[in-house]
Amino acid sequence: MATNPIDMPTTVERKMPPVLELIRGNIVKYGNPLALKGSEVSSWAKELNLPKTGELLFYTGGEYQLLPFIDSLVKTMTVMDPNSASFSMLMGVRNIVEKTGIAPEKIYASVLASDKERFNQVSLKAARILQSLGYELCYSGEDELYSGALLYELGYWDDFATYAQKVTKVLKGTQAKTIVCLSPHAAEVIKLMYPKFGVHHEFEVKTFVELVWEQRHKLPKIDTNQSVVIHDSCRLARDLGVTEEIREILNAMGIEFKEPMRNRTWTTCCGGPNKFMFPELSHTIAERRVVELQDTGADLILTSCPYCLSSLKGAIDKKGQEGIADLIEFLYKGIVG
1 MATNPIDMPT
11 TVERKMPPVL
21 ELIRGNIVKY
31 GNPLALKGSE
41 VSSWAKELNL
51 PKTGELLFYT
61 GGEYQLLPFI
71 DSLVKTMTVM
81 DPNSASFSML
91 MGVRNIVEKT
101 GIAPEKIYAS
111 VLASDKERFN
121 QVSLKAARIL
131 QSLGYELCYS
141 GEDELYSGAL
151 LYELGYWDDF
161 ATYAQKVTKV
171 LKGTQAKTIV
181 CLSPHAAEVI
191 KLMYPKFGVH
201 HEFEVKTFVE
211 LVWEQRHKLP
221 KIDTNQSVVI
231 HDSCRLARDL
241 GVTEEIREIL
251 NAMGIEFKEP
261 MRNRTWTTCC
271 GGPNKFMFPE
281 LSHTIAERRV
291 VELQDTGADL
301 ILTSCPYCLS
311 SLKGAIDKKG
321 QEGIADLIEF
331 LYKGIVG
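In the UniProt record's numbering, the protein residues as written are 1 to 337.
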């Protein structure tokens with residue numbers, strides 16, 4: 001007997017992947033995707049002794065520091081059978097957070113995290129670069145909160161609107177007039193999305209790239225035999241309109257660079273935004289972008305986004321891991337010699 005189409009359900013209920021719920025909960029409750037303590041996220045800045053108040057706020061949002069752990073968490077959660085005893089244990093000991101301050105997923109992620117030191121050092125290098133260009137920075141330190149970009153990007157919009165208010169309160173406490181964001185994801189949400197969700201502020205929001213570009217005449221020339229190719233970040237190029245600044249920075253330093261077939265606002269995605277729900281698809285997209293970039297014949301891929309750096313690095317053959325760098329890392333080598 002044929003089923004009457006009218007009697008069939010008109011909607012399909014889909015369950016959100018557990019990793020998304022973990023990340024959402026941690027951001028809302030603890031101020032970052034992995035429930036790390038503020039002292040852990042800000043440990044990179046100890047030797048700089050930056051003041052907590054000032055006109056120019058150095059804002060990391062913890063993104064470079066956290067990303068290796070997030071990647072490891074995603075890998076752990078996606079290979080673990082939701083029906084397995086191990087997964088049940090991970091979900092069943094959530095109270096360990098309340099008792100010890102250590103999230104179970106942080107433990108898993110920490111065991112598998114790679115490149116922790118490299119990503120943690122990016123923030124330090126960025127601060128030193130800006131200081132060498134004459135900028136006086138302040139930093140929220142342990143009080144700094146993640147921007148909430150993943151809440152927005154993953155569709156947790158009600159949580160995002162509430163959380164943005166919390167972040168803005170901390171930002172205002174620094175008395176800053178300008179915020180320099182290391183991650184284009186943070187710059188996009190604070191500059192463009194906060195106001196759209198009713199969270200208004202008077203900060204001028206700039207990216208690290210823009211501040212370096214404004215003082216590019218102070219950059220030293222770099223003598224290198226490496227040829228480079230630019231990978232434009234989607235957020236930086238499409239949403240924030242920052243493309244030529246990177247090229248003019250390289251020109252100022254005497255660096256010849258190559259362009260992939262798809263560049264600037266037509267850049268190919270690194271695959272990073274898909275990793276939480278479609279990790280295999282994310283990896284495939286990243287591999288294809290790496291091929292596009294390597295087809296230029298360049299020795300080094302340069303990008304300006306923590307997610308792009310992580311995603312593309314993961315798609316490069318292990319023997320070629322030195323073939324990609326963040327612009328911050330590249331500039332730092334030229335400045336410190």
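Among these hints, one or two may not hold up.
As the list claims (entries may be wrong) - Simulated pairs of lysine-lysine, PhoX-like, Cα-Cα distance not exceeding 20 Å:
#1 Lys52 x Lys172
#2 Lys177 x Lys52
#3 Lys125 x Lys166
#4 Lys37 x Lys206
#5 Lys116 x Lys37
#6 Lys169 x Lys125
#7 Lys258 x Lys221
#8 Lys218 x Lys172
#9 Lys218 x Lys29
#10 Lys191 x Lys177
#11 Lys125 x Lys29
#12 Lys221 x Lys52
#13 Lys29 x Lys221
#14 Lys37 x Lys166
#15 Lys196 x Lys206
#16 Lys166 x Lys52
#17 Lys191 x Lys169
#18 Lys46 x Lys125
#19 Lys177 x Lys166
#20 Lys206 x Lys191
#21 Lys258 x Lys52
#22 Lys29 x Lys52
#23 Lys169 x Lys196
It is worth saying that the hints were derived from the structure and are not from the lab.
### Message
Would the hint linking Lys218 and Lys29 be met if the CA-CA limit is 20 Å?
### Response
Violated, at about 42 Å.
### Query
Do the alpha carbons of Lys125 and Lys166 lie within 20 Å of each other, as the hint requires?
28 Å, violated
### Message
Check whether the Cα positions of Lys166 and Lys52 lie no farther apart than 20 Å.
### Response
17 Å, holds
### Query
Straight-line Cα separation of Lys191 and Lys177 no greater than 20 Å?
Distance of about 13 Å is within 20 Å: holds.
### Query
Holds or violated: are the alpha carbons of Lys46 and Lys125 at most 20 Å from each other?
13 Å, holds
### Message
Given the hinted pair Lys206 and Lys191, is their Cα-Cα distance within 20 Å?
### Response
8 Å, holds
### Query
Within 20 Å, alpha carbon to alpha carbon, are Lys52 and Lys172?
11 Å, holds
### Query
Taken at face value, is the distance from the CA of Lys52 to the CA of Lys221 at most 20 Å?
33 Å, violated
### Query
Has the given pair, Lys177 with Lys166, been kept, meaning a C-alpha gap of at most 20 Å?
18 Å, holds
### Straight-line alpha-carbon gap Lys191 to Lys169, limit 20 Å
15 Å, holds
### Message
Just to be careful, I want the Cα atoms of Lys169 and Lys196 compared with a cutoff of 20 Å; is the pair within it?
### Response
17 Å, holds
### Task
Decide if the proposed pair is consistent with the structure: Lys218 and Lys172, CA atoms, cutoff 20 Å inclusive.
Measuring from Cα to Cα gives roughly 30 Å; hence the hint is violated.
Hint compliance for this structure: hints 3, 4, 6, 8, 9, 11, 12, 13, 21 and 22 are not met, and every other hint is.
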